[in-house]
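Produce the complete structure using the sequences and hints provided.
The numbering of the sequence shown is my numbering, which starts it at 1 and goes up by one.
Just so you know, these hints were derived from the structure itself, not from any lab.
Computed Cβ-Cβ distance ranges for the label pairs, DEER-style:
(1) G161 <-> G337: 45 to 51 Å
(2) I100 <-> G299: 36 to 42 Å
(3) D454 <-> P269: 53 to 59 Å
(4) P138 <-> G437: 35 to 41 Å
(5) A388 <-> R159: 49 to 55 Å
(6) A388 <-> S260: 46 to 52 Å
The list that follows gives simulated cross-link-like pairs (lysine to any residue, SDA-like), each with its CA atoms no further than 20 Å apart:
(7) K102 <-> T197
(8) K102 <-> A191
(9) K102 <-> P116
(10) K102 <-> H189
(11) K102 <-> P136
(12) K102 <-> E262
(13) K102 <-> S261
(14) K102 <-> S186
(15) K102 <-> D190
(16) K102 <-> R183
(17) K102 <-> E193
(18) K102 <-> R170
(19) K102 <-> A115
(20) K102 <-> W187
(21) K102 <-> S255
(22) K102 <-> G195
(23) K102 <-> D152
(24) K102 <-> V117
(25) K102 <-> E171
Ideal Cβ positions, reconstructed from N, Cα and C, are used throughout, including at glycine.
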Amino acid sequence: MNAASTPSASEIYGRALPPHPVEGAVAGLAAGVILGFTAGAWLAGGGGAMGARTEQRLALGAGGMAFGGAAGLVDVGLRRRRFRAEAARSWRGWRPFRVIRKQPESREITSFHLAPVDGLPIPTFSPGQFLTIQLPIPGQGRPTVRTYSLSDDLADGSRPGAQYRLSIKREPAPRGLDVPPGRASSWMHDAVEEGSTLLCRPPAGAFVLHGDRDRPIALVSNGVGITPMLTMARAARRLGLQQPIWFIHGARDGSHQAFSSEIRDLAAPGPAGVPAPVHVHLAYSRPRPEDEGRYQSRGRVDAALLQRLLPEDADIYLCGSPPFMEGMLAALRQVRGGDGEAIEGVFFEVFTPAPRPQHPDPADGSAAGQAAEVTFHRSGREARWAEAAGSLLELAEDQGLTPPFACRAGVCGTCRCRVLEGAVETTATPSAPLGEGEALICISRPAGGRVVLDL
Numbered sequence: 001m002n003a004a005s006t007p008s009a010s011e012i013y014g015r016a017l018p019p020h021p022v023e024g025a026v027a028g029l030a031a032g033v034i035l036g037f038t039a040g041a042w043l044a045g046g047g048g049a050m051g052a053r054t055e056q057r058l059a060l061g062a063g064g065m066a067f068g069g070a071a072g073l074v075d076v077g078l079r080r081r082r083f084r085a086e087a088a089r090s091w092r093g094w095r096p097f098r099v100i101r102k103q104p105e106s107r108e109i110t111s112f113h114l115a116p117v118d119g120l121p122i123p124t125f126s127p128g129q130f131l132t133i134q135l136p137i138p139g140q141g142r143p144t145v146r147t148y149s150l151s152d153d154l155a156d157g158s159r160p161g162a163q164y165r166l167s168i169k170r171e172p173a174p175r176g177l178d179v180p181p182g183r184a185s186s187w188m189h190d191a192v193e194e195g196s197t198l199l200c201r202p203p204a205g206a207f208v209l210h211g212d213r214d215r216p217i218a219l220v221s222n223g224v225g226i227t228p229m230l231t232m233a234r235a236a237r238r239l240g241l242q243q244p245i246w247f248i249h250g251a252r253d254g255s256h257q258a259f260s261s262e263i264r265d266l267a268a269p270g271p272a273g274v275p276a277p278v279h280v281h282l283a284y285s286r287p288r289p290e291d292e293g294r295y296q297s298r299g300r301v302d303a304a305l306l307q308r309l310l311p312e313d314a315d316i317y318l319c320g321s322p323p324f325m326e327g328m329l330a331a332l333r334q335v336r337g338g339d340g341e342a343i344e345g346v347f348f349e350v351f352t353p354a355p356r357p358q359h360p361d362p363a364d365g366s367a368a369g370q371a372a373e374v375t376f377h378r379s380g381r382e383a384r385w386a387e388a389a390g391s392l393l394e395l396a397e398d399q400g401l402t403p404p405f406a407c408r409a410g411v412c413g414t415c416r417c418r419v420l421e422g423a424v425e426t427t428a429t430p431s432a433p434l435g436e437g438e439a440l441i442c443i444s445r446p447a448g449g450r451v452v453l454d455l
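This is the structure in structure tokens:
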């Protein structure tokens, strides 16, 4: 099974990488739908000061986790040289990868190990980032695009055999609804085998581990939300972070617990000079008799459990199902306060698309309640936008256009588009990096009476 169309090497590598270290694919040094907040707000900007801030973060921030050593231990010149080496291994657009191993991890989660078909080096990534893949599912008219968290730490993408690992949950049909199971996840589990080829964009995402903050770290998840947390924990141990680290995860029982052996390795003491093991706490909501001794508490991971286990000043990273995230964030906002999306010392991903604004007020001066003329320059089409049209991506689709997209939440950057004329405003905080004059049309709408897009 191969992807519907495999681009040539010139198509993959022909476009020059942008000079800014955060724009485009280099940001990918920069599952389900992922919406990241707070952890990477500094990634979203651009311009002069941005480059300096990025350079300072390279020790343990975006891309720097792969460069070896804790913040401040690698001289700036060496970091710059390594950053340039990482940039040289990145790519633009789609690149074919072959599935070299397919490994069941639990009753619901299967890992896919991907190596580049061309055999060339690949860029490392910041632990917590994701990979965007194209799925040629039959009968869909066009390839389906999805983003999945990378689930294994990659220390060196230049070594022979370097690969990425995606660990994907087979999504069941929603209870009580006449809706089929997850199309993309089912196809990955049923149709993709060792030897299959998939097209991938470079690693990306702003939900990353901030190892340069001198605070205890708590990696908290449930279900398939374990994938970025495992990557963060493995990288933190490899790099010798000295602050205490907790790995707290919730599952139904042992059969639904993925990566059991890797989690045991996290908790195992190392030889002299090796950092202290990660403090592991597994909570099973419905443990089986044979699970006895494999978990630390019965029940779900909740705010009360965190309060019991963690110091008050811990940085908390969250990833999991919508009910889990809603409950945890509401409780943490009460304890720590916060304005809007931001909560002090809390970094998270939410598996939810960006919401459409409700009840526009024409008197508030925003685009809500107003109309705008939108021109799609390359296709020569024009359309009238109003609040009911939703995002500019939705408007383009209504006009029969098929711009690329994946997350529909302003995170992956797949829908990035140049704004040739006019201005746009966003309905959610973008996490994907943008160049000057670019917009993520999945979360954008006109900010004035006329907009021209390079579509």
